[in-house]
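J.: Those protein sequences? They're chains C, V, S, Z, Y and G, same order as listed. Just so we're aligned, residue 5 is where the first sequence starts under the numbering used here, counting upward by one. Just so we're aligned, residue 5 is where the second sequence starts under the numbering used here, counting upward by one. Just so we're aligned, residue 5 is where the third sequence starts under the numbering used here, counting upward by one. Just so we're aligned, residue 5 is where the fourth sequence starts under the numbering used here, counting upward by one. Just so we're aligned, residue 5 is where the fifth sequence starts under the numbering used here, counting upward by one. Just so we're aligned, residue 5 is where the sixth sequence starts under the numbering used here, counting upward by one.
It should be emphasised that the hints constitute simulated quantities derived from the structure, not laboratory data. No false leads were mixed into what you were given.
Copies of the same chain look alike in the list, so a pair counts if it fits in one copy or across any two.
When the alpha-carbon atoms are kept at most 25 Å apart in a straight line, the in silico DMTMM-like pairs for lysine to aspartate or glutamate are as follows:
id	residue 1	residue 2
1	Lys26	Glu50
2	Lys33	Glu50
3	Lys33	Asp52
4	Lys47	Asp22
5	Lys44	Glu54
6	Lys33	Asp22
Keep in mind it's a predicted model, so treat the numbers as computed, not measured.
One-letter residues, chain by chain:
6 protein chains.
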Amino acid sequence: MDNWLPTLIVATPEQGFDLAFKLSRMAVKKAQPSEDVREKVRKDYEDDAESLIAISQVVAINFQTIAAANGYWR
Amino acid sequence: MDNWLPTLIVATPEQGFDLAFKLSRMAVKKAQPSEDVREKVRKDYEDDAESLIAISQVVAINFQTIAAANGYWR
Amino acid sequence: MDNWLPTLIVATPEQGFDLAFKLSRMAVKKAQPSEDVREKVRKDYEDDAESLIAISQVVAINFQTIAAANGYWR
Amino acid sequence: MDNWLPTLIVATPEQGFDLAFKLSRMAVKKAQPSEDVREKVRKDYEDDAESLIAISQVVAINFQTIAAANGYWR
Amino acid sequence: MDNWLPTLIVATPEQGFDLAFKLSRMAVKKAQPSEDVREKVRKDYEDDAESLIAISQVVAINFQTIAAANGYWR
Amino acid sequence: MDNWLPTLIVATPEQGFDLAFKLSRMAVKKAQPSEDVREKVRKDYEDDAESLIAISQVVAINFQTIAAANGYWR
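Chain C extracted, bound-state conformation:
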């Protein structure tokens, strides 16, 4: 997990959205380091409406941070 987040500054909104997604995943990874368990958990959420909406919410919160960091790419 070393040096996975050198900066919040990215060139485009799309890259910012990808980074927001990455932050969301990394928090899960830190809470549950086992790849095997996470793979099993993925099977639970990947066809569950409530979980997918919850993931979208976490990404939205992280995207607020990334967008602000980048001056909204104005």
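The hints should help you fit chains V, S, Z, Y and G onto chain C, whose structure is shown.
T.: Just chains V, S, Z, Y and G now, kept in the frame of chain C:
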């Protein structure tokens, strides 16, 4: 999914709200790339009060970002 | 749904709160366009504590946006 | 419900917290106008840990707005 | 409950975190004034993962407010 | 728990993310001081999709605070 988010800047609040909605959907799409599975999931949430309110919450968070990016269209 | 959000600027905090409520509803409307289904869903949430609190949360998030847009009506 | 929110500006943090609480309640009131139904719903949440925590979350979001409006009473 | 929140300004981040915790509790206290009921509710959440995470979320939101009020103790 | 949060200022985004994680844990620790109970609770959430996503959300909120405190490491 290429180049789906060239900018956060849009002309009107209404377009901003539509973009907030799009961001919310794209996060789900990234978490669950299969169109078929997402279609099945849609059947679960589309008549579920809790899910619809949760979607509205994600859109609200993304709209905060878009509105700030656009100086609130003042 | 055309031109339902011409501006975020309103004269008073109370009108701002009403607009926050409207934004919350519009996201549900976009996710579930059928008036009939929404009416049925309303029956589920209107006497459910958890749903009513969740609605209040969405309104609170949207009110943050509207209040910031209006310089908090200071 | 007329003129229930003339201003977001209050003299002290404590009054601001009370106003945040009021905003949270008013959204519920707008979503469920019947006093009788709300009274019944209150019985569901008032001894439910999850609901009480959720209420605290809505108040926290509204308090962010009120505190920002008042320059954090600095 | 009188004069429990004279200011949002505290000397250190740690005191700020304690205050964020206090705000979270006070909202519960206002929603459920009975000490006895709150004590009973505490038994429900104190060994429940979902509730403890939800509490942590409310504290995080309140800590955003307190940290901003204090200029992040920079 | 003494002096666990001397500052919000850290050198890199990665350290900021770690601190956001620490804040999220500390709130749980304050709500449930018993190490034994927390260990038992960990067993409940560590393979539960909904809980892991909820943890990621709390970290995202705390990361907003830390990132703002550090001027987004620009």
